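Chains as they are written, first to last, in our numbering: chain A, -15 to 722; chain B, -15 to 722.
Treat the hints as calculated values from the structure; they're not laboratory data. Treat the hints with care, as some may be off.
Partial list, derived from the structure: chain B residues whose beta carbon lies under 10 Å from chain A [claimed, not checked]:
(1) G11
(2) D13
(3) S46
(4) R48
(5) E50
(6) N54
(7) E365
(8) V366
(9) D367
(10) N369
(11) I371
(12) R372
(13) Q375
Since the model is a prediction, treat every value here as computed from it, not as a measurement. Yeah, the Cβ is synthetic: ideal placement off N, Cα and C, and Gly gets one too.
Number of protein chains: 2
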Amino acid sequence: KNNIDEVINAMTLEEKVRMVIGCGMSGPDAKFPGTAGRSYEIPRLGIPSVYFADGPHKLAMSVRREFDSNFYYTTEFPSGSTVAATFNPNAAYEVGKAIGTEVKDYGMDVLLAPGVNLMRNVLCGRNHEYYSEDPLIVGKIAAAYINGVQSQGIGTSIKHFAANNQETNRYSNDPQMDQRTLRELYLKGFEIAIKESSPWTIMTAYNKINGKHTSENIDLTTTILRDEWGYNGLVISDWNAGSDAIASMIAGNDMLQPGQERQYNAIYEAVKNGQLEEKILDRNVKRVLELVVKSNTFNNKSYPNETDLKAHAAISRKVGTEGIVLLTNNGVLPFSEKVNQVALYGSTSYDMVPAGQGFGSLAFGRYTVSLVEGLRNANYEVDKNLIRKYQTHLASEEKRLFPNGRPPFSLAPPPRADEFIPTAEELAEQVKSNDVAIFTIGRASSEPVDRHVREFYLTENELALLKAVSDAYHSAGKKVIIVLNICSPVETASWKSLADAIICAFQPGQEVGHCVTDILIGKVNPSGKLPVTFAINYGDAASDKNFPFDYEFKMPSFFMGSGLSIQGENEEPQEVKPVRNIDYTVYEEGIYVGYRYFDTFNKNVSFPFGHGLSYTTFNYNVINSSVNDDICSVEVTVTNTGNVSGKEVVQVYITAPEGGLKKPSKELKAFGKTRELNPGESETLTLTWKTMDMSSFNDKSSSWELAKGKYLWHIATSAADVKSTVEHKINSSKKIKV
Amino acid sequence: KNNIDEVINAMTLEEKVRMVIGCGMSGPDAKFPGTAGRSYEIPRLGIPSVYFADGPHKLAMSVRREFDSNFYYTTEFPSGSTVAATFNPNAAYEVGKAIGTEVKDYGMDVLLAPGVNLMRNVLCGRNHEYYSEDPLIVGKIAAAYINGVQSQGIGTSIKHFAANNQETNRYSNDPQMDQRTLRELYLKGFEIAIKESSPWTIMTAYNKINGKHTSENIDLTTTILRDEWGYNGLVISDWNAGSDAIASMIAGNDMLQPGQERQYNAIYEAVKNGQLEEKILDRNVKRVLELVVKSNTFNNKSYPNETDLKAHAAISRKVGTEGIVLLTNNGVLPFSEKVNQVALYGSTSYDMVPAGQGFGSLAFGRYTVSLVEGLRNANYEVDKNLIRKYQTHLASEEKRLFPNGRPPFSLAPPPRADEFIPTAEELAEQVKSNDVAIFTIGRASSEPVDRHVREFYLTENELALLKAVSDAYHSAGKKVIIVLNICSPVETASWKSLADAIICAFQPGQEVGHCVTDILIGKVNPSGKLPVTFAINYGDAASDKNFPFDYEFKMPSFFMGSGLSIQGENEEPQEVKPVRNIDYTVYEEGIYVGYRYFDTFNKNVSFPFGHGLSYTTFNYNVINSSVNDDICSVEVTVTNTGNVSGKEVVQVYITAPEGGLKKPSKELKAFGKTRELNPGESETLTLTWKTMDMSSFNDKSSSWELAKGKYLWHIATSAADVKSTVEHKINSSKKIKV
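Bound conformation, chain A alone:
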């Protein structure tokens, strides 16, 4: 069966067309119920179905199966933003390896992950799945994750190729941008990851780019992906993406998922009537079969049908904790020995958000560790009266928000409980009996819904509670800690001075209460860094006005049923005048996304990209820097100069010389993380990149251009905190045409 061409010769046209089409999503009587789908099988030719399951932070599969007493639990790992906040590719590798093990243990072949779209705007509804506003972080973290998954013989599907940066009208939205922006920001993360990890498959996106569906765009899926980057794997569509099956086939979007009869008919007819060359179809079939023969299913690998949930919970906890970012700390953290009893405020303290939602995690997982549980397991007392109050409050909010009970299925994130404000007397009592107050603020998001701008801001009740708690505890000389358990940045500037410490946990997975506790009590010294800027206000970022920030999402009724019926989703809307930010979105900001914008235009932010505090201090010593054979290299010795052990992230930003294309004032070109350093201990990190990584794309000449002149290399702890700068001169400019 190694001779795939012979097998293709033996296939009927019907079989070939079936082979480039999925077999529908997996219903309750499928081999793997609740998973994304499979490829077509042709038993007479020894071709089995290959099985696809959604990710990225959780293998998505029904826990129960019909007439089966087993429980098919999978681990809820940290969301992408938490993984990225580790700034540690090894951590991403560990998560990938563990989730790949689960896919393997349960007998499937390809995990539809990772999601690597750029965080263009803080309100994008899938930001939790994504990694960063910076393409280098995206690419390095994604490559490590993919290598982790694929180390288990399981395929990945890096997604969504490309520019899938908004959920509103996601099947038809048309981002409009120049080539430079596309290549330097929205393709760059893909390019780095694909070159460093060779994912088995690539998933195109729902959206268009400059008027063309990504799944039907030959420039994207053939010219750039295969011809320029050398990719030779399989390209599959996002589920029900695109509209023209024949264009997809020609473009090299080899497989259409989950497969529709109208796609089958269109392709079949097109070959019959000569509109589609059969050799194009054969080429695509061959790529599908090349995947099939790599799969565990084809190779009849046996699998245990259960997985080591305890080991994976430990990995989830470890990486989830490493991804927590300490934003501020006036010395209250880690807890002193005097802290014994803790008052927990905020509904989210009792009902934490483990990870993002979407098809990758329709319901939350097997369990979510609350902050109550995390603190109790660390032998802290949690105020019991307050627990009872919140239980009552959450029960009444549940009735208010879901008067008819929760819908059996909802892809949109269910509304979350608001806050209540204790009376002054209650607060006084709480201050008296507790050593410290913690207030957790929660935000969840889900495909296919973008966040409304009001989700960026704290609610009236959240702000009032924060103020009341802060006043009451501070009057008594006691401290207040804020925990952000969020999908994507929220407003912090207006209230951050009210807190003695702020922790940003993003969504660190099922062990969330343990992760936060490990940081609070100093069991783990925080080493996470922000992969995304926390702006002062919505509107500050250059992209903010070109995003559907005030769009009121209404869930179509078919989403509220009890199943995965998504018929009609891919119907094109009737032609009316296109609406800005809905039908099309203008990327006016160009390359000025995230810190590239704030930094270049001297805009104040609340917390800069790359920011993250530690319980210890570090000294940086640049012991060497050089350019040799187009490789730039910096050696930095990092010394732990504080009293507790810890890890540190070193970030290298580049300032390009004048004279070439206009550039952001700084761009991240390398980063590295030390091992856990004991007090006094040092480690020397060597950070490298290629000179052409400092080039920019010139739309006019369609080439990557490296300007000559003096480059500043900033060795920094965040985009706003440079520790040391060295200079290197590039003597001659360089140009690579594509």
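Given the structure of chain A, go ahead and fit chain B onto it with the hints provided.
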């Protein structure tokens, strides 16, 4: 702390009274939520609470706890009747050891089990918890179960002491019987078990006996139990049993559970005003403390808080299978190699009854293996069209039976789906595509509800379906197998000729589908025997008219709420004219219960006590029998004369001589089970009992009397199938006064 008397001296009166009263049932914030309760703690004296959990077939405990991400699963073992049907004390020991391990692993101290009341009537709502209509089976199986639990350092509470044989009006029902009946039948199982296993505690019953609450009856809990039988453990009340706390204290019902304030006040006042001697209270406190110091909690044993569910599932499956009784078989079982595809009829095939319900198992357990799953796991095809039909049927029955959804809590057994009758065309299609038909008939029961006589009979639809299936398959020369997945006997005589084989599985635990499949396919050769007679009609048994067989139970509204609020349950009803079978029940049949009646009065039955077929045949050879030093002994060599390996149960029944008290024509006095014998292999069993075990109780002289004369010893395979009889003479009568 070994000097308990010193500790008692140090206790205040308040503390002493608290110590003989439970602390209420365990709510959601208890140490062990959803368990039965605990004893009072006095930290200043180093006295911790001892924790009680309900059984007998499942450690009853909430699966989830507040703010705790663990799952506290426990194994659903076979119901008592299935355990007894093994006729194998080693099997009962294994179940006891496994469930004792779970209690230990989860950190508790006492399992409120086993239930050993006699199956006086087939409609008793708790028969599933009980063992047999014969007190020897009861006593031997109970002793083994208790020894199994207590081998793990966990206490038991043999219950309900005594004569708790009906659920209707259970808090006040007054069984009326003579002393002989009480002692030979209703106490005998307790006596055997207590002497052979020393249970840590004994639980008195809700009911009265001859006008007195069992928990307030000094004859029962002191004179007989302690003075005659030598019991020196703790006696506790059933939960909210009895009405007079002081009488309980005096009677030696040492502890009242789960404890009520009015009990506390009554005892406290009674000691204060001299109505209750403090030394009686001290005696009872001492018995409580003797239990406390034996407990794992007192001894600070650490526990893993998880248990080996896989190992226990295997034990549940093994014993559940060994307890299955093959009632008839015309050669269709085990399945021949020609059987590949199976048609499953009966709603219960898809929704099996793992075990009985009640406080010991409020909801069913972690999972129940259906017959579909059992057969599939053994590589049989199950008719898929029929599966879909039953899924539709069950869904519509669910709507019919629970138009407002299932109540969150119901102690009464929820109604079960009725049957539908396929059309002739559907049946013809099913006959064509299947090799054999299986029809499972299900019956569930639960405290505090007795079964209505209509539950003994098949419904109109069950009979119609049975007839339709039988006609259709037999016309095509195909076979029909009936599986009884029942709490207690049902009517079989009218329809048994329609089946090619009948299997009685009772309720073999969570693995039920695996257990039945193991028998169907001959993976396990059936060796279970009926511990209870299957009568032809309700009304045939001597007790039948003196039982509330047509009582229409109405669940009090507080049972339908969402919690364990059972306030008011123990309120005495207002005095009106006592109603027969409700307020009191006359045990007119005396000692003529079960086969003692049918056998003595030559009443035909459908399946006799002790009956159970095998896939092989056995030869019996009595090689020795003797009476020495008051020990009777029979040696029987059992040889497997068939073609497959198997186990056999040997039963020894005694016929007493004329001249003494009137006796049943036969009474079981010993039984034994071989190991798994290969074809041709033999084992010699030695079965022994004491001569006084053949005595009877004379009410007039209050003594056990052994008549002299010729005793027939019947070596038998059932009460109706004697293989060999030997005679032994007792030369002089004997009398032991009590």
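Against chain A, run the beta carbon of N369/B and see if the smallest gap drops under 10 Å. violated, 12 Å
Interface hint check: V366/B, Cβ to nearest Cβ on chain A, cutoff 10 Å. Holds or violated? This interface hint holds because 8 Å falls under the 10 Å limit.
The hint names G11/B as touching chain A; please verify it with the least Cβ-Cβ distance against 10 Å. violated, 12 Å
Min Cβ distance, D13/B to chain A: is it shorter than 10 Å? holds, 8 Å
Minimum beta-carbon distance criterion (10 Å), S46/B to chain A: Constraint on S46/B not satisfied, violated at 15 Å.
Grab the minimum C-beta distance from E50/B to chain A and call the hint holds if it beats 10 Å, violated otherwise. Cβ of E50/B sits 8 Å from chain A, so the hint holds.
Given a cut of 10 Å on the nearest C-beta pair, is the interface hint for R372/B held or broken against chain A? holds, 9 Å
Hint status (Cβ of D367/B to nearest Cβ of chain A, threshold 10 Å): violated, 13 Å
Holds or violated: R48/B as interface residue toward chain A, Cβ cutoff 10 Å? holds, 9 Å
Would the stated hint for I371/B survive a check requiring a Cβ distance to chain A of less than 10 Å? Status holds, d = 8 Å.
Against chain A, with CB atoms and a cut of 10 Å, does the hint on E365/B hold up? violated, 13 Å
So, as I understand it, the hint says N54/B touches chain A; can you test that by seeing if any CB pair is closer than 10 Å? holds, 8 Å
In this structure, the earlier hints numbered 1, 3, 7, 9 and 10 are contradicted, and the remaining ones agree with it.
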